[in-house]
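Those protein sequences? They're chains C and S, same order as listed. With the numbering used here, the residue at position 113 of the first sequence is 113, and numbering never jumps. With the numbering used here, the residue at position 110 of the second sequence is 110, and numbering never jumps.
One or more of the hints may lead you astray.
Below 30 Å or equal to it, Euclidean Cα-Cα: the simulated DSS-like pairs (lysine-lysine) are [claimed, not checked]:
id: 1; chain 1: C; residue 1: Lys88; chain 2: S; residue 2: Lys204
id: 2; chain 1: C; residue 1: Lys162; chain 2: S; residue 2: Lys4
id: 3; chain 1: S; residue 1: Lys212; chain 2: C; residue 2: Lys199
id: 4; chain 1: C; residue 1: Lys90; chain 2: S; residue 2: Lys4
id: 5; chain 1: S; residue 1: Lys204; chain 2: C; residue 2: Lys61
id: 6; chain 1: C; residue 1: Lys212; chain 2: S; residue 2: Lys90
id: 7; chain 1: C; residue 1: Lys162; chain 2: S; residue 2: Lys88
id: 8; chain 1: S; residue 1: Lys4; chain 2: C; residue 2: Lys252
id: 9; chain 1: S; residue 1: Lys162; chain 2: C; residue 2: Lys212
id: 10; chain 1: C; residue 1: Lys4; chain 2: C; residue 2: Lys212
id: 11; chain 1: C; residue 1: Lys90; chain 2: S; residue 2: Lys3
id: 12; chain 1: C; residue 1: Lys199; chain 2: S; residue 2: Lys204
id: 13; chain 1: S; residue 1: Lys90; chain 2: C; residue 2: Lys204
id: 14; chain 1: C; residue 1: Lys3; chain 2: S; residue 2: Lys252
id: 15; chain 1: S; residue 1: Lys88; chain 2: C; residue 2: Lys212
id: 16; chain 1: S; residue 1: Lys88; chain 2: C; residue 2: Lys204
id: 17; chain 1: C; residue 1: Lys204; chain 2: S; residue 2: Lys61
id: 18; chain 1: S; residue 1: Lys252; chain 2: C; residue 2: Lys199
id: 19; chain 1: S; residue 1: Lys199; chain 2: C; residue 2: Lys61
id: 20; chain 1: S; residue 1: Lys212; chain 2: C; residue 2: Lys88
Using C-beta positions, here's what the derived DEER-type ranges look like [said to hold, decoys possible]:
id: 21; chain 1: C; residue 1: Lys90; chain 2: S; residue 2: Ile54; range: 38 to 44 Å
id: 22; chain 1: S; residue 1: Lys162; chain 2: C; residue 2: Gly65; range: 26 to 32 Å
id: 23; chain 1: S; residue 1: Asp217; chain 2: C; residue 2: Pro248; range: 28 to 34 Å
id: 24; chain 1: S; residue 1: Asp62; chain 2: C; residue 2: Arg216; range: 35 to 41 Å
id: 25; chain 1: S; residue 1: Pro197; chain 2: C; residue 2: Glu192; range: 29 to 35 Å
id: 26; chain 1: S; residue 1: Thr157; chain 2: C; residue 2: Gln218; range: 32 to 38 Å
id: 27; chain 1: C; residue 1: Arg56; chain 2: S; residue 2: Leu87; range: 28 to 34 Å
id: 28; chain 1: S; residue 1: Pro5; chain 2: C; residue 2: Asn254; range: 20 to 26 Å
id: 29; chain 1: S; residue 1: Arg149; chain 2: C; residue 2: Leu156; range: 28 to 34 Å
id: 30; chain 1: S; residue 1: His135; chain 2: C; residue 2: Val214; range: 37 to 43 Å
id: 31; chain 1: C; residue 1: Lys88; chain 2: S; residue 2: Ala257; range: 39 to 45 Å
id: 32; chain 1: C; residue 1: His135; chain 2: S; residue 2: Val173; range: 34 to 40 Å
id: 33; chain 1: S; residue 1: Asp25; chain 2: C; residue 2: Pro5; range: 51 to 57 Å
id: 34; chain 1: S; residue 1: Arg149; chain 2: C; residue 2: Lys90; range: 32 to 38 Å
Quick partial rundown of chain C residues pointing at chain S, CB under 10 Å, derived from the structure [said to hold, decoys possible]:
id: 35; residue: Ile49
id: 36; residue: Pro64
id: 37; residue: Glu68
id: 38; residue: Leu241
id: 39; residue: Leu250
These are computed hints drawn from the structure, not numbers from a lab. Just so it is clear, the structure is predicted and the values come from calculations on it, not from any experiment. Beta carbons are placed, not taken as given, at the ideal position from N, Cα and C, and that holds for glycine.
2 protein chains.
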Amino acid sequence: MKKKPLILVTNDDGITAGGIRNLIDVASEFGDVWVVAPDSPQSGMGHAITIHNILRLQEVKDVPGITEISCSGTPVDCVKLAIYRVLKRKPDLLLSGINHGANYSINVLYSGTMSAAVEGAMEGIPSIGFSLLDHSLNADFSASREVARRIIGNALTDGIPKHTCLNVNIPNVPENELKGVRICRQARASWEDDFQPRKDPSGKIYYWITGKFVNRDQGEDTDVWALENNYVSVVPVQYDLTSHRDIPALTKWNYEA
Amino acid sequence: MKKKPLILVTNDDGITAGGIRNLIDVASEFGDVWVVAPDSPQSGMGHAITIHNILRLQEVKDVPGITEISCSGTPVDCVKLAIYRVLKRKPDLLLSGINHGANYSINVLYSGTMSAAVEGAMEGIPSIGFSLLDHSLNADFSASREVARRIIGNALTDGIPKHTCLNVNIPNVPENELKGVRICRQARASWEDDFQPRKDPSGKIYYWITGKFVNRDQGEDTDVWALENNYVSVVPVQYDLTSHRDIPALTKWNYEA
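Chain C with its partners taken away, still in its complex shape (with noise of 0.2 Å):
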């Protein structure tokens, strides 16, 4: 008999949101489910470690295949302590969310949901992140279930590329108007930031980051142009970040001394 499959669930929402609980019962049909998930909201950590301060973790739950452990660390801790501390082997998958709020484009960058994954392909661990486009609290994630279920069995199938992880975004409408699935590249965009300037009551200045994300990307093969079109989004992340093409113009700074 095939052993059944170790799951690892985390996301940057913190352990209670609603998205990870979304995420947690559609693991549990495909698995045994640990979760390491943030005991605090943690959207906006990017790949962020800790390391000058403690890290903790809290059992939260232990029910018959599931485990869930609250961490007071970022995401991307919470994947590493997953690994090198909880768990007595690699898990064979990592699922990142459901985040509350979209991960497409350059957002991949200051996502926790989708480093949490990042950092999972760096380990050689088959990786998703999945964000539904709703911020609320209370946002409705039955069509989310619906296409989590379809992208797990698809990676526990086919398998992920090596050294990749998805970043798979949820138009927010209902299930029936879900256009399909598109395997896409991240649009090329970018935040026009805002700084909110506010008055604490000694009368000094703070701010507030507020932002207009801007699309200038035409292409039909974009994450942003398959959600506007309700299709889910489904780009593979890689985290080479050298700029390969790059390197030939640049070489008439080499120097040697």
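Assemble chain S onto chain C, guided by the hints.
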């Protein structure tokens, strides 16, 4: 008469660190310097931004040619605040560092120093991150100053490819032992993490992250090779994480509802 370049300087070790003091000195030889840097150490913060908390700015110095502002946020927060709140126009150059410690290979993902440079590239600003392979607070930056001077000169003369920044790592050897400068690719390597368990005064366990960097990449065109051979490594870094080569194989997952 040509206008003096406007140079934004930041780092992740904090505005008082020796590395950034040396970088400010060198930068001021080339143009008008604006410093927006963290008010506390932010190593390992990667591309984190502060969205669940407020941000503060505090001017700490304003002399002709050098204005310094400390920021309560991450290195990427510093860059965003500098561009969208502090500076009157986009800077001509962004310099980050000089980091106390290495940022080669996959460490580019964890590094606040390099994430600040990547954020600069996302904003279309020629950006360079500098790191010295010496973690100590009292590191000797004299060779690094020469390296920074050379690379900044190159960048202002030739420019930096669009959507790209540079990851410059400097071996921890005296200047006369530096063998030169090499344009490189990011080595394929990984971390084998370890978490040291300790007990707090009440007997509860906590952890400190530690780990071993493992390079399995034998290429002589990598940053790790260059540094091991006393060359300064320069990796052009971009932020499209799409694994383009994996798209064709995955398109069998495409699905029309």
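- Message: If I claimed the Cβ atoms of proline 5(S) and asparagine 254(C) lie 20 to 26 Å apart, would that claim hold in this structure?
- Response: 24 Å, holds
- Query: Does lysine 252(C) lie within 30 Å of lysine 4(S) when you go C-alpha to C-alpha?
  - Reply: 25 Å, holds
- Below or equal to 30 Å on CA atoms is what counts here, so check lysine 88(S) against lysine 204(C). Holds, at roughly 22 Å.
- Message: A range of 39 to 45 Å was offered for this pair. Does it hold for the Cβ distance of lysine 88(C) and alanine 257(S)?
- Response: 40 Å, holds
- Task: Take a quick look at whether lysine 252(S) and lysine 199(C) sit within 30 Å of each other, Cα to Cα.
- Result: Judged against 30 Å, a Cα distance of about 54 Å means the pair is violated.
- Message: Next pair to validate is lysine 90(C) with lysine 3(S); report whether the Cα-Cα distance is within 30 Å.
- Response: Roughly 57 Å separates the two Cα atoms, so the pair is violated.
- Query: In this structure, is the beta-carbon distance linking histidine 135(C) and valine 173(S) contained in 34 to 40 Å?
  - Reply: Distance hint for histidine 135(C), valine 173(S) is violated at roughly 50 Å.
- Message: I want to verify a distance hint. Is the separation of the beta carbons of lysine 162(S) and glycine 65(C) within 26 to 32 Å?
- Response: 50 Å, violated
- Query: Does the hinted range 29 to 35 Å hold for proline 197(S) and glutamate 192(C) at CB?
  - Reply: Violated, since proline 197(S) and glutamate 192(C) (Cβ atoms, about 45 Å apart) do not stay within the stated range.
- Would you mind confirming whether the straight-line C-alpha gap from lysine 204(S) to lysine 61(C) stays at or under 30 Å? 18 Å, holds
- 30 Å Cα cutoff - pair lysine 4(C), lysine 212(C): Cα-Cα ~44 Å, so violated.
- Task: Compare the distance between the alpha carbons of lysine 3(C) and lysine 252(S) with 30 Å, and conclude whether the hinted pair is satisfied.
- Result: Given pair lysine 3(C), lysine 252(S) holds - Cα atoms ~27 Å apart, limit 30 Å.
Taken one by one, the earlier hints fail for this structure at numbers 2, 3, 4, 7, 10, 11, 12, 18, 22, 23, 25, 27, 29, 32, 34, 36 and 37, listed in ascending order.
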